[in-house]
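Q: Sequence:
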Amino acid sequence: MNLDFSLCPTPCYIVDERLLEKNLKILHSVQERTGCKILLALKGFSMFSVFPLVGKYLRGITASSLFEARLGYEEMGKEVHIYSPAYVEEEFDEIIKYCDHIVFNSFSQWNKYKERALKSGKVECGIRINPEYSEIKTPIYDPCYQNSRLGVTLKNFSPDELEGISGLHFHTMCEQNSDTLERTIKVVDEKFGCYISKIKWINMGGGHHITRDDYDIDLLVDSIMHFKNKYGVEVYLEPGEAVALNTGFLVSTVLDIVNNGMDIAILDTSAACHMPDVLEMPYRPNIIGAGMPEEYEFTYRLGGPTCLAGDIIGDYSFRQPLKPGDK
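Residue 1 is where the sequence shown starts when you use our numbering, and the numbers rise one by one after that.
These are calculated hints, taken from the structure and not from any lab test.
A portion of the hints provided could be inaccurate.
[As the list claims (entries may be wrong)] Capping the alpha-carbon separation at 30 Å, the derived lysine-lysine pairs in DSSO-like fashion look like this:
#, residue 1, residue 2
1, Lys56, Lys122
2, Lys230, Lys122
3, Lys230, Lys198
4, Lys22, Lys327
5, Lys191, Lys43
6, Lys97, Lys78
7, Lys37, Lys25
8, Lys200, Lys97
9, Lys43, Lys119
10, Lys25, Lys230
11, Lys112, Lys191
12, Lys43, Lys112
13, Lys56, Lys97
14, Lys78, Lys200
15, Lys114, Lys191
16, Lys228, Lys122
17, Lys198, Lys155
18, Lys78, Lys112
[Unchecked claim] Simulated restraints on C-beta separations:
#, residue 1, residue 2, range
19, Gly232, Ser108, 23 to 31 Å
20, Glu161, Glu94, 22 to 30 Å
21, Pro9, Glu75, 17 to 25 Å
22, Leu279, Cys12, 18 to 26 Å
23, Gly77, Glu132, 31 to 39 Å
24, Glu132, Lys323, 50 to 58 Å
25, Glu32, Val88, 36 to 44 Å
26, Tyr145, Arg319, 36 to 44 Å
27, Leu154, Lys323, 41 to 49 Å
28, Glu32, Gly77, 19 to 27 Å
Glycine included, each C-beta is placed from N, C-alpha and C at the ideal position.
Turn these sequences into a full structure, and let the hints steer you where they fit.
A: Here is the structure:
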């Protein structure tokens, strides 16, 4: 990408559309090989300026709130799906306006909104299930941790309340390969197979790192086709990060250098606001030209401009000393 970062206003996210399209073509190839439908999860990537490009390859978006749904509806204009642990009653009629699929987190939510959803004549409804199986190592990202609020377990599943439900949804993965999905769907099949045979579609959620170099796409295809062939259902996937993985940059400016036992560079970019995974995962971003602490001559702790004491991006070393104005 021929771009002079020094000319960019900061903080600024920059996406290389060529790299984005490369990812989209990979995802589209999975759709072509399996007949599944892939949706962009807006919680992972919501840069609507590239929605026209994304819409050329994917079937639509999936949202977790009213305004995400509206964004997808207005800026991409394809399928709009939504899931939320609980819906706000005053927002529900507007959600119906924008959405094609509405997934409910519980049978109590389904029963509360069932009449309004079905009366619209345009919405297909689903229930999120919790297969109580996950291989995620970071608890904050594990939807199946003990006492999770996300999805209906087999023990709490109510087959006599499925009238009007056309699909099931599960989401148990985070940045994982297709072997995890293969093991997961075996559990889903064992626990919920008798109900899957009675529905129209199944949504396998997100967390599929499909565009990563070591991702086994053939195994993904086999896993999707297993469900399609066994049950005759339509299959949806909802990747977020995989759509934009390794396609762009976050450009930041050094505002000040202070010292408190070590040199600290204060940036105009916040870990908490601009890259929350840094604090939540935790996650260490790659910085062009930087190394691990002490790898190069000049080591700095990079911190954000907020009042949050823990707004720290990490410790990095550089070949040259940093100064205010550097990007």
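Q: A separate judgement is required for each hint: does it hold in the structure or not?
A: So, going through the hints one by one against the coordinates:
1. Simply put, Lys56 and Lys122 have alpha-carbon atoms about 23 Å apart, close enough for the 30 Å limit, and the pair holds.
2. Our distance criterion of 30 Å between C-alpha atoms is met by Lys230 and Lys122, whose separation comes to about 28 Å.
3. Simply put, Lys230 and Lys198 have alpha-carbon atoms about 12 Å apart, close enough for the 30 Å limit, and the pair holds.
4. For a cut-off of 30 Å, the pair hint linking Lys22 to Lys327 stands: about 27 Å separates their Cα positions.
5. The hinted pair formed by Lys191 and Lys43 meets the criterion: a straight-line CA distance of about 28 Å does not exceed 30 Å.
6. A hinted pair counts as satisfied when its Cα atoms are at most 30 Å apart, and Lys97 with Lys78 qualifies at roughly 13 Å.
7. With a CA separation close to 14 Å, the supplied pair Lys37 and Lys25 stays within the 30 Å bound.
8. For a cut-off of 30 Å, the pair hint linking Lys200 to Lys97 stands: about 22 Å separates their Cα positions.
9. The hinted pair formed by Lys43 and Lys119 meets the criterion: a straight-line CA distance of about 29 Å does not exceed 30 Å.
10. For the hint linking Lys25 to Lys230, the alpha-carbon distance of about 27 Å falls within 30 Å, and the restraint holds.
11. Distance check on the hinted pair: Lys112 and Lys191 sit about 26 Å apart at the alpha-carbon level, within 30 Å; holds.
12. Of the supplied pair hints, the one linking Lys43 and Lys112 holds, its CA atoms being roughly 26 Å apart against a limit of 30 Å.
13. Of the pairs offered as hints, the one joining Lys56 and Lys97 holds, with about 23 Å between alpha carbons and a cut-off of 30 Å not exceeded.
14. A distance of roughly 20 Å separates the Cα atoms of Lys78 and Lys200; the hinted pair therefore holds under the 30 Å criterion.
15. Taken as a hint, the Lys114 and Lys191 pair is honoured in the structure, with Cα atoms around 25 Å apart against an allowance of 30 Å.
16. Between Lys228 and Lys122, the direct Cα distance comes to roughly 24 Å. Compliance with the 30 Å bound is thereby established for this hinted pair.
17. Annotation: proposed proximity of Lys198 to Lys155 holds, straight-line Cα distance about 19 Å (limit 30 Å).
18. Between the alpha carbons of Lys78 and Lys112 the distance comes to roughly 27 Å, so the proposed pair stays at or under 30 Å and holds.
19. The hinted window of 23 to 31 Å between Gly232 and Ser108 holds, with their beta carbons roughly 30 Å apart.
20. A C-beta distance of roughly 25 Å is found between Glu161 and Glu94, which places it inside the suggested range of 22 to 30 Å.
21. Separated by about 22 Å at the C-beta atoms, Pro9 and Glu75 satisfy the suggested range of 17 to 25 Å.
22. Between Leu279 and Cys12 the C-beta distance comes to about 21 Å, which sits within the given range of 18 to 26 Å.
23. For Gly77 and Glu132, the Cβ-Cβ distance of about 37 Å falls inside the hinted range of 31 to 39 Å, so the restraint holds.
24. Separation of Glu132 from Lys323 is about 53 Å and conforms to the stated range, judged on CB atoms against 50 to 58 Å.
25. Range check, Glu32 to Val88: Cβ separation about 38 Å, and the 36 to 44 Å hint holds.
26. At about 43 Å, the beta-carbon gap between Tyr145 and Arg319 stays in the expected band of 36 to 44 Å.
27. Checked against the given bound of 41 to 49 Å, the beta carbons of Leu154 and Lys323, roughly 59 Å apart, lie outside it.
28. A beta carbon spacing of about 22 Å between Glu32 and Gly77 agrees with the range 19 to 27 Å that was offered as a hint.
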